[in-house]
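K.L.:
Take the given structure of chain A and dock chain B to it, following the hints.
Number of protein chains: 2
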Amino acid sequence: MQRVRQRQPQDFDRVLSSMCTKPHPRAHEAAVEFLATNPGDPATYQTVADLEADAIDQLGDIAGLDTAFGYIASGGTEANIQAVHAARNLADGTDTAGSGMPNIVAPTSVHFSVTKAAEMLGVELRTVPVDDDYRADLDAVSAAVDDETQLVIGVAGSTEYGRVDPIPAMTELAHDADANMHVDASWGGFILPFTDYEWSFADAPIDSMAIDPHKFGQAPVPAGGLLARERETVDALAVDTPYLETTSQATLTGTRSGAGVAGAVAAMDELWPAGYRQQYRDQQANADFLAEEFADRGIDVAEPTLPLVTASLSPATFEALRDEEWRIARTADGDLRIVCMPHVRRASLEAFLADLDRVRA
Amino acid sequence: MQRVRQRQPQDFDRVLSSMCTKPHPRAHEAAVEFLATNPGDPATYQTVADLEADAIDQLGDIAGLDTAFGYIASGGTEANIQAVHAARNLADGTDTAGSGMPNIVAPTSVHFSVTKAAEMLGVELRTVPVDDDYRADLDAVSAAVDDETQLVIGVAGSTEYGRVDPIPAMTELAHDADANMHVDASWGGFILPFTDYEWSFADAPIDSMAIDPHKFGQAPVPAGGLLARERETVDALAVDTPYLETTSQATLTGTRSGAGVAGAVAAMDELWPAGYRQQYRDQQANADFLAEEFADRGIDVAEPTLPLVTASLSPATFEALRDEEWRIARTADGDLRIVCMPHVRRASLEAFLADLDRVRA
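Line by line, the protein sequences are chains A and B. Heads up: the first sequence is residues 1 to 361, going by my numbering. Heads up: the second sequence is residues 1001 to 1361, going by my numbering.
So that you can see chain A by itself, here it is in the shape it has in the complex (with noise of 0.2 Å):
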């Protein structure tokens, strides 16, 4: 225990940059409970086979779907990984593509883990330009697919500017070209549903999305989601097994802590509805707020459209404030980039507003 007792992690009060979050007390204890508990039982395996058919049901609910597929995954990556791995699967078992290398299609905003996927999957990674808003262009999107063309990916909360594509519209384009829709909302699917946005199950006939309880969901790591409309989708991912009898075969893990799953269902069961509506209204005020005080120094800001604040600081400036332990990032372009979570408080954005006067004085 030494080691890791002189490694203690820091508090969230200055944590600004993180797409996760503190877990819900609830989610902890819940999680706490099944860490102690053995994985390899079989009957722990039911457990968690149960705990996990609550939480797809009610990421089902969530995302706007009545009779759900999926399982809960290690994170977004891994629920990714899996869509391009199930469309790559189902688009062989049709032996309708051509002699071509098998592409997929997605905007220059969508995650890494696609570039990821694309690689070990040996499908080619067709990236397209967003638009001046960062949304993925529909003329580009409509350009890159093909024929070989076995899945689109449409981000729903994207990482650098919290944007969501036009989901609708791009999966009229994949579904037109017999490819499949898959809407990456690993970050985005717990607030969506308390705004406007397009981008479920309900809104278009997307084919499986990546919705992470681990993120606005406040449930502990790991505790990913992969959903899908139909059951196919997911027996795709299965070796040897045509129907599942458990997910476990579908997973890239394999051994699954039942940690994760229950964190998660805990989590759901506590916050959804009201809770995470109260938590989007609560963060994307302080995203606005934010980004009017940015504006009101003279800074640049994009619109926070989500709880996601993008605006342009001088390296010198970053830097001074890293100085001053503020846990910040930046996009690949440069802007500082701040993630409104659950744990981000009026007070701390305060606190930071005050030493960037300072260090910019």
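Wrong hints could be hidden among the right ones.
Footprint (simulated), chain A over chain B, 3 or more residues, beta carbon under 8 Å [unchecked claim]: (1) 1025-1032; (2) 1109-1117; (3) 1253-1267.
FYI, nobody ran anything at the bench for these hints, they're computed from the structure. Predicted model only: the values in this text are computed from it and were never measured. Each residue gets a CB set at the ideal place from its N, CA and C atoms; glycine is no exception.
P.N.:
For chain B alone, coordinates are given in the frame of chain A:
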């Protein structure tokens, strides 16, 4: 919490089928401590990164590697998939392959995760027979390996019989064909150091290994281990980043729980080597005891060369014991399989034998 509470899993007393076990109290404590922390916080990432470096060093000690590369994976499944993935990418890089489909060679006793890996990664899995003692048949390995072979996999502690393949000879066959050699010691890695088996990086010039703290290492799930002799093996897993700043880009899962890493370090700090040595002796003695008791009753039993007992039992007897709430499992051939993990006590085995006598009477 309602649904979580209603589904309390059972305790360990009657669990004789699992390859996982109850985490060590120190490991449990460390995992709980790190569960409450923010895995998305860069400060925590640094903490987890430091702890992970400790874990890999410690795993290297156990597996005979002075300078170890690798990372803490979600489990043996991910470690095996990534070993195949790295071998494929390294072979693609050298471009010495012919026009055939690349292949990997493993005994039929290899874990299911390797089938999954081959399917995902687009390589052919050539499974070869085992000999009369359930170990990879060397002539068959030799016959299967060819110019397109990228990886040979040996098992050190097989799932059904706890057998150790002839690792040095398999490594020679692999290297003669310019293929890499991977050892799956997911289950056996924490007991084999106390045996005479040749299984480790010190015993043969193997290239990679799966070795799971969350099995005999007494860490909580998720804590698997991927080890490599060369940095390039891990680097081959990273997309767009030939030299890794952090191992996160080499993982399949992206975001990872600090709990698994902290739990693994705490367990190894506490138990390596004396605690693990005692655990091996106790559980090997339990396995020998059980095997003798089976033999005394005229039941066919395979010699337990590691703490795993496989014996013939009629389906009716098996089911009767399950009805007595014993958590037991069968091999693909229908034999009873009892894994003497650290939580399995002599008194439980005696109670199990008493029930066996009663149901057979």
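K.L.:
Now tell me if each hint is right for this structure.
P.N.:
Hints and how they fare:
A stretch counts as covered by a chain when three or more of its residues have a beta carbon under 8 Å from one of that chain; for the segment 1025-1032 of chain B and chain A the count is 6, and the coverage holds. A count of 4 residues in the segment 1109-1117 of chain B with a Cβ less than 8 Å from any Cβ of chain A is obtained; the coverage claim is therefore met, three being the minimum. Against chain A, the segment 1253-1267 of chain B contributes 11 residues with a C-beta closer than 8 Å to a partner C-beta. That satisfies the three-residue criterion, and the hint holds.
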